[in-house]
Amino acid sequence: MIQLAWLIPVLPLAAAFFIALFGHRTTGKGDRVGIGAMSIAFLLSVGVLLDTMGGARWAQHLTWAIHGDLVLNLGFQVDPLAAVMLVVVTVVSLMVHIFSVGYMHGDVRYKRYYAVLSLFTASMLGLVISDNLLFLFVFWELMGLCSYLLIGHYFEERANVHAANKAFLTTRVGDVGMFVGIMLLFAAGGTFRFDELAARIADGSFALPVLAVAAILLFIGPVGKSAQFPLHVWLPDAMAGPTPASALIHAATMVAAGVYLVARGYALFAPVPQALEVVAWVGAFTALFAATIALVMEDIKKVLAYSTISQLGFMVAALGVGAYTAAVFHLMTHAFFKALLFLASGSVIHAVHTQNMHQMGGLFKKLPVTGWVWLIGAGALIGIPPLSGFWSKEEILLDAWHHHPAIFWTLVAAAALTAFYTTRATYLTFFGTPRDKHAYDHAHEGGRVMTYPLMILGVLAAVSGFVASPLAGFVYFGEPHHASFDPFVFGVATAVWVLGVGLALAIYKYNLVSRRAIIQVFYPIWVVLKRRYYIDDVYQYVFVRGMIGLALVSAWFDRHVIDLIVNAVGWIGRKVSEYVDEFDRGVVDGIVNGIGGAFVVGSRVLRQVQTGFVQSYMLVLFLGLLAGLAILVIGG
Amino acid sequence: MTELLWGAWQGWGFGQSSFNVVMGLIKGLLVCVFLAVNALFLVYMERKVSGYIQGRLGPMRVGPKGLLQTAADALKLVTKEDIIPSGADVAVFILAPLVFFAAATAIWVVIPFGPQDIVQDLNIGLIYISAVTGLSVLAILMAGWSSNNKWSLLGAMRSAAQLVSYEIPLVLSLVAIGMMAGSLRLGDIVAAQQSGVTSWFVFPQILGFIVFFTAGLAEINRAPFDLPEAESELVAGYNTEYSGFRWAVFFLAEYANLVAFSALAATFFFGGPTGPFLPPFVWFLIKTYFFIFVAMWIRWTLPRIRVDHLMNLGWYVLIPLALINLGWTGLYVVLWG
Amino acid sequence: MDATRIAFIVLAAVAVVSAFRVVTAPKIMHAALWLGFTFMLVAGVFVTLGAEFLAAAQVLVYVGAVTTIILFGIMLSQAAEVRSRDPLQRERLEGAAFWRRGVLPVLATVAFVAIMVTVYMRVPWPAPPGGVIDTVRLIGSALFTTYVIPFELAAVLLLIALVGAIVLAVRDDNKEEQGS
Amino acid sequence: MTTIPLTYPLTLGAILFGLGLYGALTQRNAIRILMCVELMLNAVNINLVAFAATLREAAAAGQIFALFVMTVAAAEVALALAIILILARRESHIDIERVHLLRW
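Residue numbers (my numbering), protein chains in the order written: chain S, 45 to 680; chain X, 38 to 374; chain F, 185 to 364; chain G, 2 to 105.
With the rest of the complex left out, here is chain S:
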């Protein structure tokens, strides 16, 4: 089965093109094609994973371009990390594909949506199994394009167009850094392939400073793609896209790509502690920072968006402290439960046609399936044992505690906040009294095509944590990782989530403390959080306004300084030309007119040659040729 791994990205790719070209002719406008391709890809992925667990490895490449000594290959490789990612991506994508049949029903650009969805998945799968940085970068950019198309799916509204542009441009900032990093590695190592780069690093061909700079540059790419501070701003806005697409972007594909890249290129980071330090702090800070914003968001998708940023921070921080296995583990569990949460929120939005949590409430009775799976997802996100999120988060915290206590405490704080905002979102959406009577009355489940994927993902989110120890012996960097139990870490983690959940329930359910009172006390902080730390505004002022200001200054300089010089030069030139003019009129014109006159007379004679008969021209041409030939023959 593992030899067929190349089919896994090719199938959705083919499906994407097929849907784009012929989708409108098929039943279901192409959704069947997309789902079918994804199903086969999923089965193949499972087969590949089983083979990989049996010890099989696979690599293959086709020569793509040869330029002198430089040979570029289209290379694929499958190792445990890639195999796990293949299964995760295909399963989430398959669920999203199926769920979208219900959610996107009747959409005007249904076909386009499915084509892009398939292309998106294909890019992610291609990225996962590519064996070199250049090829990976191609898929990376392809994903940027797909995310742009999906976020801007409802492009009738300007805000969505802006969101799509923002996502595209912000991630592009990261990509520039990444590309420079790739080129630096290539310049120093002479290859794009991961295994060769790792070998060069191992035998010490790289100067350490070069490696450090390259690693940090390379890390800028994931900062953009995985929405780490300070390039996280695009992700909340990306909620403008259809909700299932958000699930795909934020759970399995786009944002996971950043984490995956760091994991894939871990050999570059591992020898450079400084780079790892940067990675760890960026991740930890993002985790805490995004969690605080999530506390005050009113839009259910925005809460999930900031939660995603925060959880990605966890993963990045885990990579930074050397918890490679834990990061991949969390990437997997997060993919399941966050996809579940997004799809569940999609189900809610589908039911009540609003995203504002303050207009929901009490929906549990109306949407029992959605409610239950949401509870599972929320539990996993909080880290309640024995749900999946608990196991992976625990591993991260454990490694952080052993290697970097400061990071550990930051993450613990983030975990507490996570518990709080998740409970808040859950309560506001599903419990309490309905606040919008009309929406409540019309709410209903979205049919089997939407509930079944939710249930499947619910099961996965619940049980996928139990693979912790097989995974640890399977996906690792350097030497196998051994999970151990630390009562202290477990205690702290449990204490903080109980604290978070309790506090949230106290405020929102039992009204022990009035919300209004809290807001009044912490008003400045509340405003800062509500304005998302003013980061979007700062970007607006610094980059957008700054650019305008610079332009104004330049304009002033242009008008007053450069114009002065130009005018002075012009004045001198005019004076000179006045004298030249005299000369020109008298002498030069005389000559020119004379020549012109001669030409008029001459052409009157010569134009007789232009008979208009093609054959005459040909004849003359040939006689000329003959004359030339004759000269050659006689002369030579």
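The hints are all genuine.
Some chain S residues judged to face chain F by a derived CB distance under 7 Å, without partners named:
{"id": "1", "residue": "Ser660"}
{"id": "2", "residue": "Leu663"}
{"id": "3", "residue": "Phe666"}
{"id": "4", "residue": "Leu667"}
{"id": "5", "residue": "Leu670"}
{"id": "6", "residue": "Leu673"}
{"id": "7", "residue": "Val677"}
Think of the hints as simulated: they come from the structure by calculation, not from any bench.
By construction, the Cβ of each residue, glycine as well, lies at the ideal position given by its N, Cα and C atoms.
Starting from the known structure of chain S, arrange chains X, F and G on it as the hints suggest.
Chains X, F and G only, in chain S's frame:
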């Protein structure tokens, strides 16, 4: 056998090149005899097949089971009066059936009757085939124009347009075959398929086979693509004015084309004259006659295609399919070739 | 005098006669058919020169395509005159035309052939080598390595010609419709 | 196989070229001129192939050049006939003597 003859030839004191010329003549003669016999039989077969498909018996009177019917018809055709219409361009009128027949026969130079039994196994076999098939267009235009009859001229123009259009997918499918075998020589193409049914090109080239078969039927003017001879619209197309022996030559050449087309289908996609137990020539006949039968079956089953659909099928369906097949073949050869 | 040389001489002789008929045949259809015949003979000449691939390409392109297109062109452009003698073929040449299209072309042609043949006779050409080489393989590999860019350019040229021919034909159609 | 002295095909080429040239210079029918031009191109190809056959090191170059000539000829015929057809439809004649739009 060739060695034996060569020895005798040397014994008489002649050289290699003259021997080649004589051998070529003998082989050519054999092919002509083969074609004539086949055509005789095919006329009978076509009548019988059509009879059974339509639930009747077909010719039964002349000879046992009507076996001699064709011979009688041939006799009748040869003895008919040779009519040349007034106002016809006599030289071209006489030349046209000959050119048509020459083009039909020339294909047989490269068709392998057995692994070694080829009149001349040219190293450019595939290109030779595509070149020779183009010649019949010229003959048809000559026939249609020289008859001085507007039905003939219209039939000829239609036919030429059809042949030119369908030659493109046909040649493209041949290119794919060349890629698969890595050679343009028909002997090599057969050799590449000789290790059993699994090595037949029809499996990787199923798309190419569909294109080849459809375009080929159009190329030899068989139903459902027999528009140039559509009796209901154009009397009898470009050969309206032909009668007697000249018409028989056209007729013979059309059947030669049918046999050649079937033989090529067998050679390119179904291993040609290779097969177990039986001698190669028998396998060649079996496979060829199978495709002849399929062509007859199609003719008596499907209605004629409409003239505007004809061009659409060629340009919008077959050529894209042939191009897709070409891409697929490239991929196939790179990955598994 | 071996078989190849005899074959060449025969083919060449017939080709010259046939080419002469292209220029002189009174009916334009006949001229076109003579042209096709000449092309066939030139293909034969290619075979005697050891260029089988080019011979096949010559038949494919010139006989199969070019001659057919020319026949079509004749039928479409002068349906009325196509059966009779070409009225433009022979007319009395008077005045300037007598020189322009009568005397000078003959002089130019004769001079050209004379000069070229003289040159060919004078140059000490190397003797032709014997033996056979597989020119198909040679052409194939050279076409996709050394000459790959000209090859692609030729493909583009054909595409442009295709589009150009269609555009020319179609645009004129529309104008006529609008005009009438 | 090739034992033909180079002079033979070169002379053949020259004669065919001369015939084509004469036709192109004297015919009034545009299609006939086109046919004569094709004849000239063919004559050139004969030369190329002859050189390729004799100068073995240039075998590929000569034949490939001839191939390109064929390509160009095919393109040229298509375009030239399209132009001639337009001429035939607009002016209802294809007499080259009566077409001299380029004249002053």
